[in-house]
Amino acid sequence: MAASIFAAVPRAPPVAVFKLTADFREDGDSRKVNLGVGAYRTDEGKPWVLPVVKKVEQIIANDNSLNHEYLPILGLPEFRANASRIALGDDSPAIKENRIGSVQSLGGTGALRIGAEFLRRWYNGNNNTATPVYISAPSWENHNSVFVDAGFKDIRTYHYWDAAKRGLDLQGLLNDMEQAPEFSIFILHACAHNPTGTDPTPDQWKQIAAVMKRRFLFPFFDSAYQGFASGSLDKDAWAVRYFVSEGFELFCAQSFSKNFGLYNERVGNLTVVGKDTDNVQRVLSQMEKIVRTTWSNPPSQGARIVATTLASPQLFAEWYDNVKTMADRVLLMRSELRSRLESLGTPGTWNHITEQIGMFSFTGLNPKQVEYMIKEKHIYLMASGRINMCGLTTKNLDYVAKSIHEAVTKIQ
Amino acid sequence: SSWWSHVEMGPPDPILGVTEAFKRDTNSKKMNLGVGAYRDDNGKPYVLNCVRKAEAMIASKKMDKEYLPIVGLADFTRASAELALGENSEAFKSGRYVTVQGISGTGSLRIGANFLQRFFKAGRDVYLPKPSWGNHTPIFRDAGMQLQSYRYYDPRTCSLDFSGAMDDIARIPEKSIILLHACAHNPTGVDPRQEQWKELAATVKKRNLLVYFDMAYQGFASGDINRDAWAVRYFIEQGINVLLSQSYAKNMGLYGERAGAFSVICSDAEEAKRVESQLKILIRPMYSNPPLNGARIAATILNTPDLRKEWLVEVKGMADRIISMRTQLVSNLKKEGSSHNWQHITDQIGMFCFTGLKPEQVDRLIKEFSIYMTKDGRISMAGVTSGNVGYLAHAIHQVTK
Chain A
1 MAASIFAAVP RAPPVAVFKL TADFREDGDS RKVNLGVGAY RTDEGKPWVL
51 PVVKKVEQII ANDNSLNHEY LPILGLPEFR ANASRIALGD DSPAIKENRI
101 GSVQSLGGTG ALRIGAEFLR RWYNGNNNTA TPVYISAPSW ENHNSVFVDA
151 GFKDIRTYHY WDAAKRGLDL QGLLNDMEQA PEFSIFILHA CAHNPTGTDP
201 TPDQWKQIAA VMKRRFLFPF FDSAYQGFAS GSLDKDAWAV RYFVSEGFEL
251 FCAQSFSKNF GLYNERVGNL TVVGKDTDNV QRVLSQMEKI VRTTWSNPPS
301 QGARIVATTL ASPQLFAEWY DNVKTMADRV LLMRSELRSR LESLGTPGTW
351 NHITEQIGMF SFTGLNPKQV EYMIKEKHIY LMASGRINMC GLTTKNLDYV
401 AKSIHEAVTK IQ
Chain B
1 SSWWSHVEMG PPDPILGVTE AFKRDTNSKK MNLGVGAYRD DNGKPYVLNC
51 VRKAEAMIAS KKMDKEYLPI VGLADFTRAS AELALGENSE AFKSGRYVTV
101 QGISGTGSLR IGANFLQRFF KAGRDVYLPK PSWGNHTPIF RDAGMQLQSY
151 RYYDPRTCSL DFSGAMDDIA RIPEKSIILL HACAHNPTGV DPRQEQWKEL
201 AATVKKRNLL VYFDMAYQGF ASGDINRDAW AVRYFIEQGI NVLLSQSYAK
251 NMGLYGERAG AFSVICSDAE EAKRVESQLK ILIRPMYSNP PLNGARIAAT
301 ILNTPDLRKE WLVEVKGMAD RIISMRTQLV SNLKKEGSSH NWQHITDQIG
351 MFCFTGLKPE QVDRLIKEFS IYMTKDGRIS MAGVTSGNVG YLAHAIHQVT
401 K
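Chains as they are written, first to last, in the UniProt record's numbering: chain A, 1 to 412; chain B, 1 to 401.
Incorrect hints may have been included.
Stated by the list, open to error - Some, not all, of what chain B presents toward chain A, calculated at C-beta under 10 Å:
1) Val7
2) Gly10
3) Lys53
4) Asn135
5) Met166
6) Asp168
7) Ile172
8) Lys175
9) Trp230
10) Ser288
11) Asn289
It is worth saying that the hints were derived from the structure and are not from the lab.
C-beta atoms are modelled at their ideal positions from N, C-alpha and C, and glycine is treated no differently.
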């Protein structure tokens with residue numbers, strides 16, 4: 001038999017965050033804690049299917065009029081409209097003026113990818129792969145891959161995290177925007193920045209928007225934590241809505257993985273805001289072509305759950321409550337961890353733990369300290385020092401705080 | 001002004017256009033023969049009983065909604081490989097394959113196309129049968145491949161142009177990629193016979209071509225899952241390490257749940273691991289990990305003996321209804337007094353039938369009889385019922401006599 005055509009295919013390195021969980025699973029130490037992958041956990045350390053989701057799934061299961069037919073290419077209409085309404089607000093001028101579009105997508109990732117593929121084909125000329133794409137330093141590591149695989153050749157970073165002061169490097173960020181070529185694309189985290197948990201304040205967002213407007217930079221928002229970050233949908237969407245009110249055309253990739261706990265159903269939405277209906281219609285018609293060759297039409301189960309929930313005032317209220325439960329637990333773990341570290345007198349300042357927002361916290365631990373945490377203390381976190389607050393429970397707070405204290409004092 | 005002023009309106013989808021026009025039509029006798037989804041004898045969508053049972057089983061387990069691995073649900077991918085290859089397959093038993101969950105047939109094809117673009121160094125050309133499913137071309141093109149074709153359908157006989165296909169395939173440059181429909185060719189319904197598949201395999205092997213099978217109708221074509229997978233299994237037995245895309249949209253009626261799989265038959269298990277690791281790198285920036293619902297339903301059916309038995313009966317039921325509609329259409333055409341040879345309608349297999357009708361005749365069917373189909377004369381047999389087959393035969397006779 002001839003040599004395989006795949007003989008030369010190299011073994012790819014594993015995706016870091018999933019390898020971390022795999023290692024955690026194999027660890028036999030009873031004290032082990034998983035502060036890696038970004039999924040919500042209860043105080044018992046268990047996944048949580050939202051009560052409203054269970055309720056709605058039952059409603060769907062009992063509805064004999066439903067079947068498994070194909071959704072339209074752009075997705076379930078009730079889902080698309082409601083999802084975009086959640087991001088932009090009930091009173092959004094863009095919605096009133098009928099200049100928004102929505103593409104149901106496979107999670108936030110899928111929404112990003114469709115948006116990226118569209119931009120590569122149709123933004124800043126036709127098939128302009130040279131348009132610079134700016135991603136925050138640091139960012140979710142998959143952002144880079146999405147835009148590379150969509151065909152962009154010039155991916156750059158913009159200053160974001162200031163390690164020394166453990167906060168936002170606003171000046172660096174604004175400088176990068178001033179220096180960026182006109183029409184560059186900027187990936188902005190709508191709230192609960194992943195992995196740093198550090199968001200611009202409203203005032204800072206205003207400054208960012210002003211520069212972007214002046215320099216004709218394109219805002220592509222990634223909104224994966226609306227509601228989950230502060231407990232308030234409106235507060236977490238403030239930046240996106242501000243940009244809309246400032247007249248920007250923009251994309252917003254939404255994920256319902258975290259705020260609905262629908263991780264494996266792949267529920268996402270790409271919201272498109274344009275100047276007018278006609279432009280948006282043409283954009284959607286081209287996005288349809290892209291969707292058709294990527295997944296043809298999206299999965300129905302998750303979209304039905306979200307649509308049913310958002311369309312009913314009663315269910316919506318229940319959902320809002322469930323979201324607040326998650327957000328509140330995270331906020332509690334933040335304050336508990338910070339107070340323990342401060343009581344222990346752990347060197348350094350720890351106010352960033354409560355000032356940061358969302359699922360993640362950039363602890364400031366360096367790679368060596370992280371290695372110590374994993375190997376010696378069986379506490380799993382990313383090499384960047386990122387921890388998932390959801391991995392903390394009232395039972396393991398003391399152990400984690402003490403371990404961080406040890407790592408910081410023993411390892412430099 | 002807008003960023004999007006120069007964005008052209010995308011051309012309307014031809015098949016969608018058929019359905020839109022059908023919806024607007026007020027004729028009570030109207031028929032939609034464009035739709036590529038199964039309908040029962042009342043013209044209604046059909047949710048399989050085994051699917052309902054699987055859903056009930058799943059609901060009772062109260063499972064969480066945690067992310068699936070990038071490659072999907074293990075119970076599903078393993079069962080998919082076994083379904084396609086057969087439990088006694090050497091390739092399956094030795095583990096020299098990788099199967100990843102894909103977003104139904106389209107998503108699985110796309111993963112494979114992207115994989116070829118990245119790792120198939122020998123060339124960019126993918127050879128499709130003429131004609132092929134309309135979406136094949138844009139899928140491969142968007143993945144960065146180039147499209148070529150080989151002769152396949154003979155419009156004069158409404159059947160396979162076997163000598164034309166063999167001629168063309170024998171001249172395909174070595175190490176090119178050739179796509180084959182495993183069964184129930186879309187859109188023609190024309191499949192090679194087993195002896196013809198054997199000759200195709202020999203030629204493909206001699207030309208050292210990389211074979212990519214698209215199997216979207218296993219079980220749905222003949223009613224027998226093993227018979228429908230025969231070509232795929234034969235090729236593998238002949239030492240041809242194929243790529244394979246599977247869909248559960250039609251054979252389990254899971255259309256909107258997007259259950260599918262992409263497989264690569266490899267030299268050995270070690271190579272399979274390397275290929276799998278690269279597929280993950282491709283999938284992650286597309287949608288991170290696949291949707292659970294459809295895969296879980298399919299896996300439950302395939303892995304629960306009673307449900308699997310029930311499924312085999314139901315998929316045969318669907319296939320049998322289609323076959324019976326073909327038979328009735330032909331007999332009704334004879335009754336109408338048609339002198340044409342309509343044998344191809346019963347020779348062809350699967351969801352679709354290439355009637356041989358010309359565009360002008362299709363136009364008349366639409367305008368005069370409210371019978372909707374695509375311009376190429378393709379009809380979806382799923383839209384035919386015992387209640388309307390007579391009307392269809394009458395109409396076809398009127399426009400062809």
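Outcome of the hint check:
| no. | hint | result |
| --- | --- | --- |
| 1 | Val7 | 5 Å, holds |
| 2 | Gly10 | 4 Å, holds |
| 3 | Lys53 | 12 Å, violated |
| 4 | Asn135 | 6 Å, holds |
| 5 | Met166 | 22 Å, violated |
| 6 | Asp168 | 22 Å, violated |
| 7 | Ile172 | 15 Å, violated |
| 8 | Lys175 | 7 Å, holds |
| 9 | Trp230 | 22 Å, violated |
| 10 | Ser288 | 4 Å, holds |
| 11 | Asn289 | 7 Å, holds |
Checked against the numbered hints above, the structure violates hints 3, 5, 6, 7, 9; every other hint is satisfied.
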